[in-house]
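Colleague: Sequence:
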Amino acid sequence: MDKVVATAAEAVAGIRDGASVASGGFGICGIPAVLIDAVVEAGVERLEIYSNNCGTDGVGLGKLLDRGRIRRIVASYVGENKEFARQYLGGELEVELTPQGTLAERLRAAGVGIPAFYTRTGTGTAVASGGLPWRYASDGRVAVASPPKPAAEFGGVPFVLERALPADFALVRAWKGDRHGNLVFRKAARNFNPVCAMAGRISVAEVEHLVEPGELDPDAVHLPGIYVDRVLPLTPAQVADKGIERLTTRPRRGAGRGA
Numbered sequence: 071m072d073k074v075v076a077t078a079a080e081a082v083a084g085i086r087d088g089a090s091v092a093s094g095g096f097g098i099c100g101i102p103a104v105l106i107d108a109v110v111e112a113g114v115e116r117l118e119i120y121s122n123n124c125g126t127d128g129v130g131l132g133k134l135l136d137r138g139r140i141r142r143i144v145a146s147y148v149g150e151n152k153e154f155a156r157q158y159l160g161g162e163l164e165v166e167l168t169p170q171g172t173l174a175e176r177l178r179a180a181g182v183g184i185p186a187f188y189t190r191t192g193t194g195t196a197v198a199s200g201g202l203p204w205r206y207a208s209d210g211r212v213a214v215a216s217p218p219k220p221a222a223e224f225g226g227v228p229f230v231l232e233r234a235l236p237a238d239f240a241l242v243r244a245w246k247g248d249r250h251g252n253l254v255f256r257k258a259a260r261n262f263n264p265v266c267a268m269a270g271r272i273s274v275a276e277v278e279h280l281v282e283p284g285e286l287d288p289d290a291v292h293l294p295g296i297y298v299d300r301v302l303p304l305t306p307a308q309v310a311d312k313g314i315e316r317l318t319t320r321p322r323r324g325a326g327r328g329a
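The number in our numbering is simply the position in the sequence shown, starting from 1, with 70 added.
A hint or two may mislead.
In silico lysine-lysine, DSS-like type, Cα no more than 27 Å apart, as pairs [stated by the list, open to error]:
id, residue 1, residue 2
1, Lys133, Lys312
2, Lys219, Lys73
3, Lys257, Lys133
4, Lys73, Lys257
5, Lys73, Lys246
6, Lys257, Lys219
7, Lys246, Lys257
8, Lys133, Lys219
9, Lys152, Lys246
10, Lys152, Lys133
11, Lys73, Lys312
DEER-style ranges, computed between Cβ atoms [said to hold, decoys possible]:
id, residue 1, residue 2, range
12, Gly160, Leu280, 17 to 23 Å
13, Ala83, Arg116, 15 to 21 Å
14, His279, Thr318, 45 to 51 Å
15, Glu223, Arg256, 27 to 33 Å
16, Glu223, His279, 35 to 41 Å
17, Thr305, Ala196, 30 to 36 Å
18, Pro283, Gly138, 38 to 44 Å
19, Gly200, Asp289, 20 to 26 Å
20, Gly200, Val291, 26 to 32 Å
21, Arg271, Val291, 18 to 24 Å
22, Ala290, Glu223, 25 to 31 Å
23, Glu223, Gly128, 44 to 50 Å
Treat the hints as calculated values from the structure; they're not laboratory data.
Beta carbons are placed, not taken as given, at the ideal position from N, Cα and C, and that holds for glycine.
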């Protein structure tokens, strides 16, 4: 039952070229930064990534993107990464844009054994009818477009069928965790991390504060250890190393008046 591993390299062992990887976080909040760095160091290529976004330039998943290690990504929001746009429009990267709630549910469905589900989100749009550009050719033509999705009506209301999104591996970050893999997430970091962990065939969690089994209040556990295979305790320096996507400040009170 003790799922703790000693190193980040051990935590990501087994991720091979061409693997699918679900990665938690929103922007760069709650991202498994240490595990992503270990994947970078492992040198694996042609990855298929499932994540809300792809980090920012040179941060988080952006490190894999900068090195050309990502072949395809299923994501919801990609507007903070210029290299992402360059690779996508240049035909180097295949992108399946998915509505944010649909993406979360596709990951959750994979974790609970639901192969597909119907949703109203995307009905009447190219999400349902197909034709969204997944990959461009080098000359700007659409090389691969999204296919139409099955549709049905329930009570006279149209719905579109979305498939679950199981991943070979999942990488997540938790605020607290015990040796059995029970996890607690902190505030906004409880975003895509739980559903990503649920979707992974092998799920790996980097944990800011490791506690012993029994120390976590069962009612406070956000994700039970049944979904987690490996736990990597972080050092204090790794815990403190958190980026800010957009730093916004205001002048100090009294600034400019001799204060």
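Colleague: Taking 30 to 36 Å as the hint, is the beta-carbon distance of Thr305 and Ala196 inside that range?
Modeller: For Ala196 against Thr305, whose Cβ atoms are near 46 Å apart, the range 30 to 36 Å is violated.
Colleague: With the threshold set at 27 Å, check whether the alpha-carbon distance from Lys73 to Lys257 stays at or below it.
Modeller: Since the Cα atoms of Lys73 and Lys257 sit roughly 25 Å apart, the hinted pair holds (cutoff 27 Å).
Colleague: Falls inside 44 to 50 Å, the C-beta gap from Glu223 to Gly128?
Modeller: 47 Å, holds
Colleague: For the pair we were handed, Lys257 and Lys133, check the Cα-Cα distance against 27 Å.
Modeller: 25 Å, holds
Colleague: Assess, step by step, whether the Cα of Lys73 is no farther than 27 Å from the Cα of Lys246, and give holds or violated.
Modeller: Distance ~14 Å between Lys73 and Lys246 Cα, so the pair holds.
Colleague: Could you check the hint for me, namely that Glu223 and His279 are 35 to 41 Å apart, CB to CB?
Modeller: 49 Å, violated
Colleague: Is 26 to 32 Å a correct range for the gap between the Cβ atoms of Gly200 and Val291?
Modeller: 41 Å, violated
Colleague: Could you check the hint for me, namely that Pro283 and Gly138 are 38 to 44 Å apart, CB to CB?
Modeller: About 42 Å separates the Cβ atoms of Pro283 and Gly138, which means 38 to 44 Å holds.
Colleague: Does the alpha-carbon distance linking Lys246 and Lys257 stay inside the 27 Å limit?
Modeller: 12 Å, holds
Colleague: Please verify whether Lys152 and Lys133 have alpha carbons no more than 27 Å apart.
Modeller: Since the Cα atoms of Lys152 and Lys133 sit roughly 13 Å apart, the hinted pair holds (cutoff 27 Å).
Colleague: Do the beta carbons of Ala83 and Arg116 sit within 15 to 21 Å of each other?
Modeller: 18 Å Cβ-Cβ, so the 15 to 21 Å window holds.
Colleague: Please check whether Glu223 and Arg256 have a Cβ separation lying inside 27 to 33 Å.
Modeller: This hint is violated: roughly 42 Å between Cβ atoms.
The structure fails hints 2, 6, 8, 9, 12, 14, 15, 16, 17, 19, 20, 22 (numbered hints given earlier, in ascending order).
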